[in-house]
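Start from the sequences and build out the full structure, keeping to the hints where you can.
Taken in order, these protein sequences are the chains called A and B. The first sequence begins at 1 in my numbering and counts up by one. The second sequence begins at 1001 in my numbering and counts up by one.
Calculated from the structure, these hints are not laboratory results. Only true hints are included.
Calculated from the model, a selection of chain B residues having no Cβ within reach of chain A, i.e. all distances over 12 angstroms:
id, residue
1, Pro1032
2, Arg1056
3, Pro1100
4, Ser1191
5, Trp1198
6, Val1199
7, Glu1201
8, Ser1245
Distance ranges between label pairs, derived from CB positions:
id, chain 1, residue 1, chain 2, residue 2, range
9, A, Gly120, B, Gly1120, 28 to 36 angstroms
10, B, Val1079, A, Leu99, 54 to 62 angstroms
11, A, Arg205, B, Ser1140, 41 to 49 angstroms
12, B, Ala1116, A, Glu37, 50 to 58 angstroms
13, A, Gly243, B, Arg1197, 54 to 62 angstroms
Don't be surprised by glycine CBs; every beta carbon is placed ideally from N, CA and C.
Protein chains: 2
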Amino acid sequence: MECVVAVDVGGTTMKGGFVARDGTIHHFERRPTPRAEGPARVIAAISSFVSDLSRRREGLRPLAVGLAVPGLVTPTHAVFSAAFGWRDVPASAFTDVDLPVALGHDVRSAGEAELAYGFGGDDVLYLPIGTGIAGAVVLSGSLYGGAGGWAGQIGHIPVRPDGLACGCGQRGCLAAYASGGAIAARYGASSAADVVRWVSEGDARAVEVWDEAVEALALALATYTLVLDPGGVVVGGGVSLAGDSLLVPLRARLSERLAFRPAPEVRASALGVRAGVMGAGLLGWRAVGS
Amino acid sequence: MECVVAVDVGGTTMKGGFVARDGTIHHFERRPTPRAEGPARVIAAISSFVSDLSRRREGLRPLAVGLAVPGLVTPTHAVFSAAFGWRDVPASAFTDVDLPVALGHDVRSAGEAELAYGFGGDDVLYLPIGTGIAGAVVLSGSLYGGAGGWAGQIGHIPVRPDGLACGCGQRGCLAAYASGGAIAARYGASSAADVVRWVSEGDARAVEVWDEAVEALALALATYTLVLDPGGVVVGGGVSLAGDSLLVPLRARLSERLAFRPAPEVRASALGVRAGVMGAGLLGWRAVGS
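Right, dumping it as structure tokens:
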């Protein structure tokens, strides 16, 4: 069966697999992203992952490689990534296999997968909450990039103008409260999933950190709603696996923040953490011309 | 000469005139909006204004009437206006003259005038700051309305989550700090223009109120920039007449709030307070089919 090799390179975890033309994932695997070891080691780890996947055929015939990465990206270059310290890395550097390779932005690609295979909707914010937060802004049925391709940086809007310092250099950013990385770091936990578990056990500090994360998200979504009047918001990424622990209070707080208009529907992604790999698959299929 | 009668109904002032097919205004006149006297009196005042303008020909031949009003509007009905207490007022109620009448949203219409006759740009926020604040969101060369036509409510985004109560029922809205109405009310002045004048004279309370207004605008524009990456921001309405007293500190504070990306250009509207009448003119011309 024809397929593409697809890898979604996240801040802490790489997710990879084979994606068929209809979006079906035929193998799904995770590996740690060796971010702490520097720019070159992350590139080498991606290359090994792609090579290992390409060898692992089982009746699958890979036609191309799609790589979803963070930062500023063109189909042929990872132009800039603050997360990984990359500058102008060509697509060919990410793999030794003899297949066409296409790069794309991780959040945009996952948003395209949501658009193609998920809940759909013409005017939707797709908001993956992982190590960081960015948004795919879907307007009138298409991803919107803005004047210079930088749209969707919702993780860095100032929800608390005099609030916590953010790694980006600003203060009070949404991501400083509500990203998986921030939730874990504020508690001193190794992951946001641990904090969510401790919330359910009534741990006071976990409740406080989670509460501030949910309120920051409600503020950001209230702002997005007032400016762009979306038909819905689809929350994805690792933090969305909290399910109702996230969605129930988030919906309530969003409604409280909107006095004169109803809140849009807020749902968890139907694709879950696989949206990124499916998005990388779309990049790969685009590279083979379909 | 063929023209349309155009009236822009603002919160405190109505502006009206004749608009030629090329956007030229051939007569421009202001009247107070009798908002305090109730919904029916505002409608009657608009009707008188249109009748008086229609009689005042001087070689002009009016073909239609365009009315730009606040709230939720269709071409045939003022569906809802919190500002004026209107509900489902038909276009015909606004005039006795025997001409086609078209209604439109004041900020959207002014935004269309900016698009047609002003600075232009494919991805621009047009932000008129008058008695209240709303935005016309121009994306890829068109006004964007959102899933339900409610996009652009930037005046009510929560820039200070625990801040001042706003008339809309929310807290910390941009408009509670930076609208002309709020600037005047916070000082106890009769207009924002007075406060601007006193700022230049070094009045401490005026400086404080103005400073908080500019900071609130910078926060809102930083958020808009991060989410939508506009090519530029065009500030209009009465408060934009403050010119450099507004633009110089606003540009500086917007740049301070954006750590990892440049700020978009922030300009004052080239059309000034006439944008609303030119927008109402576009509505009128649309009613005659051109």
